[in-house]
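Undergrad: All letters in the sequence shown, in the order written, are residues -4 to 589 by the working numbering.
Since the hints were derived computationally from the structure, they do not count as laboratory data. Note that the Cβ used here is the ideal one computed from N, Cα and C, for glycine as well. One or more of the hints may lead you astray.
[To be verified] Below 16 Å or equal to it, Euclidean Cα-Cα: the simulated EDC-like pairs (lysine to aspartate or glutamate) are:
{"#": "1", "residue 1": "540", "residue 2": "556"}
{"#": "2", "residue 1": "381", "residue 2": "478"}
{"#": "3", "residue 1": "359", "residue 2": "505"}
{"#": "4", "residue 1": "320", "residue 2": "556"}
[Stated by the list, open to error] Here are the computed distance ranges between Cβ atoms for each label pair:
{"#": "5", "residue 1": "524", "residue 2": "490", "range": "43 to 51 Å"}
{"#": "6", "residue 1": "468", "residue 2": "521", "range": "26 to 34 Å"}
{"#": "7", "residue 1": "521", "residue 2": "573", "range": "40 to 48 Å"}
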Amino acid sequence: MKRHNVAEVPVPVSYGGERDEKTGSKVDKMGGGAARRWRSGGCCSRLWLVLVVFATVTMLLRHRYDSGLGHGAAAVVRIEPVHRKVKPADRGGARPSFSDSGSGKPVTVYHKSATTDSSTGTESDGGGEPSSASSSLPAAAHPFSRALAAAGDKGDRCGGRYVYVQELPPRFNTDMVKNCVALFPWKDMCKFTANGGFGPPMSGGGGVFQETGWYNSDKYTVDIIFHERMRRYECLTGDPSLAAAVYVPFFAGLEVWRHLWGFNATARDAMALEVVDIITSRPEWRAMGGRDHFFTAGLITWDFRRLADGDAGWGSKLFSLPAIKNMTALVVEASPWHLNDAAIPFPTAFHPASDEAVFAWQDKVRRLERPWLFSFAGAARPGSAKSIRSELIAQCRASSVCSLMECADGPSNKCGSAASYMRLFQSSTFCLQPQGDSYTRKSAFDAMLAGCIPVFFHPGTAYVQYTWHLPKNHADYSVYISEDDVRRRNASIEERLRRISPAAVERMRETVISLIPAVVYAQPSSRLDTMKDAFDVAVDAIVDKVTRLRHDIVDGRGEEEKLEMYSWKYPLLREGQKVEDPHEWDSLARWEDT
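Take the sequences, apply the hints, and build the full model.
TA: Spelled out as structure tokens, the structure:
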């Protein structure tokens, strides 16, 4: 895939360099030959040079703050201050505390807007802004050198983890939530966009749920959920030169969703083209050509990969835009053959507010009696020759150890009730997870949340998707039975599952239960102390990805050229493996033909 060469991107003056400790303005510390040339001129020459340098730096700094906005302070969305009481000590050393010098006072974690005078901000040591040590890091050859140096600053708890939030007008994000009635033509989405994208709260469910932390969440509200968490991310910074990554708060999923039906291609692409114009005009973009930028597009990747410009094609062409190919897009289903998107879990109904809530839920599902060997919740796909759902339903009906919940349209649909399908999964040892309308399905995460071992029939449903959140060795937490075995060889699901020893079942179930924190989205108003949720895992993975690339650039290695056709394979490679080495999914390299 053709990418811009980062090494050829000019370094903007607004990056790097030291800042005066009092004024916060840039200081160009010259020495060596530069200093000698400075001394060799006369008084007029010196004065003239001072005026030229001052004018140039002033213009560039103004461009840094104003470029791409054009509407003034009233037209942008800012990450507002979020006050949060922080515990004085960490549990298990998982994450740093951000209390102010141990005072126990509420800490303001905030992002200084790009139009704010940096000299007026109050910096806290190790909080949402860099420490004094980080703010005096020296200038270097690369615009991200200060960010790399901050990672080694022992006095900065956020060193190497800072995220800078790009500013966008509210029509690109929060205005969509305010106009929630227009998001979907056949369903009122307003109740699902409430509570930061979690939807309406649920409790009890006849003993299925805990009393708190459970919501009727829609599977396509990741844009809102991620944004709410990012507002309260403990390491936000207003200095892009310190940022390990740049978050672009564009609700790409909600934007295309509201235009999928009844709109032409021009309407579906309009906002995508506009947001690209804005972010590529910003100096933060030029630092790495967008390689350090990320955003959420909380639908499946195919909603953003329209192949032609005609109105008949599905979705938008957002992911085909050259600038977007340099960024990381977070979707609930990624393309196995493209490098610029990464899959994150569908939202489940569980959004814990504390470690204790997670521990209590894990203990609950660990102790459950599971009378059914396996179960399936879903509907047949009679119009699809590739689907094996009809075969699975038939096998489940014929088995005395399988429980079936057939989904149907209308108010009698039990699959629309979280209490119903969670009760089914909690009573089952294995849960069948064939492909949905696309490769993935939300039900896989609902099953894992219930402590039910998923049975997959296609690698695109989980194994090559959620590589940040699930183990590389899929046998640790799941069972794989190929679609060909079911469709062409009439493999018995019951017989296959009965072959698994009780000890192996116990190990797999325990692994599934241990993965619960990584596949749920915790409450944004609090945080988990000794574990990481799906948001934390994703942000850490993005930061690691950008940091590795930056080190490669500094070391002169540049960016590794990767073949898009093998994009599914790269995350699964083990130490020493090459992409050309054999892999168990090679025979399914073009899965759309299977």
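Undergrad: For the pair we were handed, residue 540 and residue 556, check the Cα-Cα distance against 16 Å.
TA: holds (15 Å)
Undergrad: Does the alpha-carbon distance linking residue 320 and residue 556 stay inside the 16 Å limit?
TA: Holds, at roughly 14 Å.
Undergrad: Straight-line Cα separation of residue 359 and residue 505 no greater than 16 Å?
TA: Holds - the C-alpha atoms of residue 505 and residue 359 are around 12 Å apart, at most 16 Å.
Undergrad: At the C-beta level, are residue 521 and residue 573 separated by a distance inside 40 to 48 Å?
TA: Holds - the Cβ-Cβ distance for residue 521 and residue 573, about 44 Å, lies within 40 to 48 Å.
Undergrad: If you check the beta carbons of residue 468 and residue 521, does the distance land in 26 to 34 Å?
TA: Given a distance of about 32 Å, which is inside 26 to 34 Å, the answer is holds.
Undergrad: Taking the CB of residue 524 and the CB of residue 490, does the distance hold inside 43 to 51 Å?
TA: holds (44 Å)
Undergrad: Residue 381 and residue 478 were given as a pair; does the straight-line alpha-carbon distance stay at or below 16 Å?
TA: holds (9 Å)
Going down the numbered hints, you'll see the structure goes against none, and every one checks out.
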